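> From just these sequences and the hints, can you work out the full model?
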Amino acid sequence: MRPFLSIRNLSVALKNGGLILRNVSLDVAVGKVHGLVGESGAGKSMIGKSVLGTLPRALQITGGEIWLDGVDLLSIPPAQRRKRIGATAALIPQDPLTALNPTRRIGPQITRRLVDILGWTKADAQARALELLEEVQIADPARVMRNYPHELSGGMRQRILIASAFAAKPKLIIADEPTTALDVTVQKQILRLIADMQARHGSALLFVTHDLGVVSKVCDALSVLYAGKVVEDAQMRRFFCRPVHPYSRALLAATPTYTNPTGSLMPVPQSVIDAVEREVVQHDRRWRA
Amino acid sequence: MALLRSFLMRLISTAITLFGVAVIVFVVIRVVPGNPIAMMLPPGATDADIARLQAQYGFDKSIFQQFLIWLGDVVQGDFGTSISLRQPVSELVLNRLPATLELSIMALTIAVLLGGAMALLGTRYRGTKAEGAVDIGAGMALSIPDFLWGLVLILLFGVLWPIFNISGRISPALNIDFSTNFYLFEAILRLRFDVIGDLLGHMLMPALALAIPLAAIIAQLLKQSLKETMHLDYVTLARTRGYSEHSVIIHEALPNAVLPTLTLVGVQFTFLIGGTVIIERLFSYEGLGNMAIDAVINRDLPLIQGIVILFALLFTLVNLVVDMLYVVLNPRLRHA
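Chain order of the listed sequences is A and B.
The first sequence begins at 1 in the numbering used here and counts up one residue at a time.
The second sequence begins at 1 in the numbering used here and counts up one residue at a time.
Check before you lean on any hint, since a few could be wrong.
Derived pair list, reagent style DMTMM-like, types lysine to aspartate or glutamate, alpha-carbon separation capped at 25 Å [what the hints assert, rightly or not]:
hint, chain 1, residue 1, chain 2, residue 2
1, A, K83, B, D233
2, A, K169, A, E232
3, A, K83, B, E245
4, A, K217, A, E134
5, B, K227, A, D95
6, A, K15, B, D47
7, A, K171, B, E228
8, A, K15, B, E228
Derived list of chain A stretches under chain B, where covered just means 3 residues or more per stretch with a C-beta under 8 Å from a C-beta of chain B [stated by the list, open to error]:
hint, segment
9, 48-55
10, 85-98
Using C-beta positions, here's what the derived DEER-type ranges look like [to be verified]:
hint, chain 1, residue 1, chain 2, residue 2, range
11, A, G119, B, I163, 42 to 52 Å
12, B, L333, A, R278, 53 to 63 Å
13, B, H246, A, N9, 31 to 41 Å
14, A, D183, B, I188, 55 to 65 Å
15, B, D135, A, K15, 12 to 22 Å
16, A, A275, B, A133, 47 to 57 Å
17, A, V71, B, L113, 36 to 46 Å
18, A, N9, B, R126, 29 to 39 Å
19, B, R126, A, T180, 22 to 32 Å
Since the hints were made in silico from the structure, they are not lab data.
For clarity, every value in this text was computed on a predicted model and none was experimentally measured.
Cβ coordinates follow ideal geometry from the N, Cα and C atoms, glycine included.
Given below as structure tokens:
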């Protein structure tokens with residue numbers, strides 16, 4: 001099956017030259033969940049931002065292709081790109097506390113863009129919002145639609161953002177650390193909810209996280225990132241049974257386990273980091289040549 | 001209930017403020033050198049004449065006694081009689097108030113539109129030369145005080161390219177028989193376009209002089225808070241939903257970014273009202289400020305007191321309006 005999102009050799013650099021992403025390639029098929037893992041600063045969020053066109057101003061895409069539904073986003077004009085992304089993809093953000101406009105009621109925040117951008121009627125948008133809020137298990141959706149964000153809890157807000165992401169029936173969802181900002185007790189529910197919603201709507205899901213445990217629960221495949229470079233790209237089962245790259249192995253070993261709660265945590269060994277760094281340096285040399 | 005309470009508290013604090021202002025003004029204008037009686041009498045007046053006049057105006061009593069008498073009258077709505085103009089202070093002041101209000105509100109409107117436009121422009125084209133131009137423009141506008149802007153404007157649009165009137169509020173030749181002194185307001189209601197044109201011809205320059213520094217402050221502050229808001233997640237989210245950058249700025253970022261600016265505009269607007277004193281003088285605009293300067297020159301103590309009290313009342317009113325607007329615009333402060 002043709003992947004819905006296909007990133008080919010994507011490179012992103014600071015405007016003053018430093019590389020953030022190094023020749024990243026990955027595919028996400030419709031109905032599949034692809035995990036993106038790596039340490040903080042590995043550039044995993046930047047992949048999602050490149051796709052959605054929300055890279056910080058100091059960064060720019062220096063090479064590669066981003067194919068979304070058969071169109072290379074980087075080859076079409078920016079205004080058209082925005083429209084395309086708006087119609088086919090959606091973001092579940094990291095921090096539900098800052099991702100809703102504090103001056104607006106919840107209802108319009110879900111429905112307005114369906115009307116403005118996608119040309120739905122108000123009644124359709126309203127009905128869709130109610131239906132989705134029910135799907136994400138919000139009690140009394142009609143009342144919540146009239147609430148302001150500050151009147152709702154973090155977990156509620158994340159549910160609303162998930163509902164809002166699925167509202168326009170997007171074929172690609174990008175979830176950028178969607179549980180990091182939440183209480184541990186809420187994290188699990190939200191994670192299950194995202195997985196359920198993805199399965200029900202059959203969209204492609206790019207799941208950015210630093211938590212391998214999360215990946216093992218929801219993903220079909222994953223890419224491991226280090227210093228903006230994909231060091232391993234694997235199907236889920238194969239990855240957890242036989243990780244190929246030494247960094248992946250070290251990362252797996254570093255995950256705390258329930259079976260041995262008193263065991264000391266395993267850091268990624270310096271020798272592995274040195275080896276990966278060497279790979280990165282080699283890559284950069286080739287890239288500059 | 002809570003609303004009524006806060007309103008009452010507000011009323012009490014306003015009363016205390018006004019009382020404080022009254023005390024300070026009353027004492028200061030009597031302690032500084034200069035004597036209204038001396039201004040009224042011809043040279044060579046006898047001591048008996050002076051004593052008689054002083055008794056007539058109550059200046060022979062102690063300051064404390066004078067204050068009590070004045071306060072007693074004020075409570076009954078009597079602000080005394082102007083020494084130089086020989087008319088009731090309340091009448092004089094209320095006749096002039098509309099002129100100053102119209103000028104201040106016009107200036108505020110211009111400042112908000114101009115400053116807002118600059119901030120939006122600088123945000124839309126941030127990181128480009130346009131943003132630099134906005135920054136430099138705002139810096140320049142801010143570093144020149146309003147009365148100097150007045151002189152610059154007179155030179156430009158009154159002398160070199162005389163499209164505006166450089167003095168007065170309305171052409172004396174114009175036939176108006178309005179029932180209030182809110183000329184502009186009434187002319188708009190009566191659709192008297194000739195009067196509107198003439199009033200604007202007089203008013204725009206002083207209003208602009210007052211507005212330019214305030215516009216610069218609004219531009220700088222609003223642009224800064226827009227910049228911070230533009231980094232928030234919900235703005236990014238709006239971008240991924242297919243909205244254009246203009247739409248994102250105006251519909252998502254602006255409603256939030258406006259809040260800190262609003263507080264400052266309230267404070268600055270009171271400064272602007274204070275600025276009308278000099279600007280009205282500069283443009284011979286017949287408002288309160290102009291009258292205040294005459295009152296000070298003539299040592300017209302009752303008139304000075306009346307004008308200052310009215311200014312203080314205006315300031316507290318402006319603050320009240322700002323606080324109310326803040327609640328209206330910020331749902332986080334509204335109680336269900």
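> All the hints need checking, so say for each whether the structure fits it.
Taking the hints in turn, this is what the structure says about them:
no.	hint	verdict
1	A:K83 <-> B:D233	19 Å, holds
2	A:K169 <-> A:E232	31 Å, violated
3	A:K83 <-> B:E245	12 Å, holds
4	A:K217 <-> A:E134	24 Å, holds
5	B:K227 <-> A:D95	19 Å, holds
6	A:K15 <-> B:D47	85 Å, violated
7	A:K171 <-> B:E228	32 Å, violated
8	A:K15 <-> B:E228	21 Å, holds
9	48-55	holds (count 3)
10	85-98	holds (count 10)
11	A:G119 <-> B:I163: 42 to 52 Å	48 Å, holds
12	B:L333 <-> A:R278: 53 to 63 Å	57 Å, holds
13	B:H246 <-> A:N9: 31 to 41 Å	33 Å, holds
14	A:D183 <-> B:I188: 55 to 65 Å	57 Å, holds
15	B:D135 <-> A:K15: 12 to 22 Å	20 Å, holds
16	A:A275 <-> B:A133: 47 to 57 Å	51 Å, holds
17	A:V71 <-> B:L113: 36 to 46 Å	42 Å, holds
18	A:N9 <-> B:R126: 29 to 39 Å	30 Å, holds
19	B:R126 <-> A:T180: 22 to 32 Å	29 Å, holds
When held up to the earlier numbered hints, the structure conflicts with 2, 6 and 7 and fits the remainder.
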